[in-house]
Amino acid sequence: MVHTCRIVCGVILLVGTAGIGLAQSPSQDHQYSTADIETGSRLYAGQCSLCHGPNGDSVNGVDLRRGQFRRSVSDEDLAKVIVGGLPDAGMPGFRLQPSEVNTLVAFIRAGFDVSGIAVKVGNPGRGQTLFSGKAGCATCHRVNGNGPRVAPDLSDIGAIRSPAALQRLLLDPTSAMLPINRPVRIVTPDGRTIRGRRLNEDSYTVQIIDEQERLMSFVKADLREYELGKTSPMPSVAKTLSGEELADVIAFLLTLKGLP
Amino acid sequence: MKMKPGARLILLTLVLAASYHLKAQVPYDRILRADAEPQNWLTYNGTYNSQRYSPLNQVTPANVATLESKWVLQDQVVGAWQSNPLIVDGIMYVTERPNDVMAVDAKTGRVFWLYRYTPAQDARVCCGANNRGVAMLGDTLYMGTLDAHLIAIDAKNGRPLWNIAVADVKLAYSITLAPLVVKDKVIVGVGGGEFGIRGFIAAYDAKTGKEAWRFKTIPEPGEPGHDTWKEDHWKAGGGSVWVTGSYDPALNLTYWGIGNPGPDWNPDQRPGDNLYTDSVVALDADTGQRKWHFQFTPNDGYDYDSVQIPVLVDMNWRGVPSKVLLWANRNGYFYVLDRVTGKFLLGTPFVKVNWASGLDERGRPIQTPQAPGMPTWPGNQGGTNWYPPAYSPRTGLFYFSAWENYATIYKKEQSTYQPGRNFPGGGFTVLAPVPGAPTVGIGRRGPINNWTDEVGNGSVMAMDPQTGQVKWKVKQFDVTDGGMLTTASDLLFTGGREGYFHAIDARDGKLLWKANLGGQIVMAPITFQVDGRQYVSVISGHTLVTFGLRE
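First to last, the sequence lines map onto chains A and B. Going by this note's numbering, the first residue of the first sequence is number 17, and it counts up by one from there. Going by this note's numbering, the first residue of the second sequence is number 5, and it counts up by one from there.
The shape of chain A in the complex, shown without the other chains (with noise of 0.2 Å):
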């Protein structure tokens, strides 16, 4: 039995942890600046808070730190809002410049966090059709009972993962896997081997889903070989997609809430 995890993830481990701004660099292009969440931070401070309250979840059904809107998806729902007031809803609209709204946009979707990371959320249309089309997303990811399950289901991804953890998954897989997904690769007491992605382990015991889509559980004493991968098999799109495009994923991943 090989524990390759036991060296290979520790390794890992520092490099996820002092990657977390190597990561970023290759993307700054579908970014907001940190002067940009600064400054929306006072103009939010000034315009919004009244009613939005200082963490963003004083409005029914509005948690704008976390990213629950109403209505809104992409960075461009967000700004026509600003501007255009939801007047139904008692929202009034602001006069302001494109790039104060553009500012006010950054400080929503870096959590309130002046220190954090702002990802730029584009069109979920024209990301769904990249989803299933040329960013390939849909021959590994199953959403809503459709597509295969090799890789995690992303029915609820938008539910669980922020912006910028989409962003990094997109652009850099490996870094920004959960370690529970690691690829295994198994060579059972009979000689078979079998590939595919762990779904739960303990001390003595691994479940995965195999590469045709079988549940399947070992005890790992008894396998000749048991390798956890170090890298994701998710190929990056840092070099298929435009910073536009991508965007435009993870607004369509963002509309993943998950069945109610």
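Derived from the structure by calculation, the hints contain no laboratory data. Quantities reported herein were computed from a predicted structural model and do not represent experimental measurements. One should not assume that every hint holds.
Below, in silico cross-link-like pairs of lysine to aspartate or glutamate (DMTMM-like), each with a Cα-Cα straight-line distance of 20 Å or less [as the list claims (entries may be wrong)]: (1) A/K246 with A/E227; (2) B/K477 with B/D509; (3) B/K518 with A/D238; (4) B/K479 with A/E241; (5) B/K234 with B/D277; (6) B/K416 with B/D272; (7) B/K234 with B/E224; (8) B/K479 with A/D218; (9) B/K477 with B/E408; (10) B/K187 with B/D158; (11) A/K255 with A/D188; (12) B/K415 with A/D129; (13) B/K514 with A/D238; (14) B/K479 with B/E408; (15) B/K214 with B/D158; (16) B/K514 with A/D218; (17) B/K211 with B/D158; (18) B/K479 with A/E243; (19) B/K479 with A/D238; (20) B/K220 with B/D172; (21) B/K518 with A/D218; (22) B/K239 with B/E227; (23) B/K234 with B/D272; (24) B/K239 with B/E417; (25) B/K187 with B/D209; (26) B/K214 with B/D143; (27) B/K477 with A/D218; (28) B/K416 with A/D129.
Which residues of chain B face chain A? A partial, calculated answer using Cβ under 8 Å [stated by the list, open to error]: (29) P437; (30) A441; (31) N453; (32) E458; (33) Q480.
We put the CB at the ideal spot given by N, CA and C, even for glycine.
Model the placement of chain B on the given structure of chain A, informed by the hints.
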């Protein structure tokens, strides 16, 4: 002899009344010599030396694989079940959340009585509505409550006899530990280290509940150690006591581990060593007078409560017969102390440590605080924690659960003390392999381990106290809060968050037997004997399982 039914009844009543008056079930003498009756488990740690070593030897490495479940008792409430049962002459006394006590037939698992105490609504605890068990003296059980009361309960019928307030619940004092009975006194300590309490250990007359003595874990002006505090910081200085102490009858000293200072994570807000937080204190059992203390982590910024159980061992130390105290601390170091004087004899790290570069010749850590945002090893839950260790005089090894490769990033903040409110002084995040990945905390959160061993793993460690080196260890995939039990047949019983209950060869760490009980094991197993048969009990999740050999 023929007797009228009426006369027979009168005679029986007289006999019962006489026995009631003449013979209390568990006089102090029985607790003092608890090692002579290994069929019972009379105190939290089995015996006053807290070794959790049982002379029972019916279950052996050769037959341990034939252990089978004899009975199961289901918890009636939700939440981690950290209670440690007592066994007294075939009766098990076990508590469940928040402050229920049950008397259970140790052979069948059937319940004789249930006492339910409802703590005050304003009771506050940081880490779950835990109760770790009762103490017994005479015919009476003693339980500390979440609202910081001490209750005496009739062991035969579960009725309360007296109930006193140990501390003010509105200031977030609580009691989660099992009391310790010494002679005619019941000793307890108070929790609330995350709420700016000022901790103490207090002894009460077992008959009346009248306070006999009180040792304040944070010294006030005029008391020795007060100069380790500046200004008024001592007033909310913490120093909780939430794990049961030990007792050395020959020295008449009782030993207790003290919790973290307040506020928890901001040492800058309370400059000084902050005695007696993160220390062990040796107190005169009759007066509560402090004989000595040893501080493991001065000016702690990491929540390294020293609430581990003081394990008292008589052994040859560098060729001289010595009375020592063995201590694997939450701060990641293993210590050997002279328990007569408190002198530091040995200290070595058993997990990765970077908050200190080492210990000086007196055992004081050379602290190396990490830069803001950088991880500290061991993490907030420590290299080990409150779960009971064990020592086997046969193997000479000290057994405990450790958390390896586990780190935390601390954040200091100024906190203002408000009575009864959280007093954190900042906070922390557990170092994760990927930002936003699930991590470990207090207790297991579900059946799927989606945090994995990449945030830390558990280990059963066998420490050689003579060298301070780990002789062997058994790694677990998840972290563990499993306590230890070892026996005269060189078995070591323990479990972990994964729900496996293990029997390990205490000599070499070989796994001999395991059972998947499904729920987290967050306490130590106990062993006892009824009608000549040895049993081993352990709590997993919401289930107390009692094992015996296949007949």
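So which of the earlier hints does this model not fit? none
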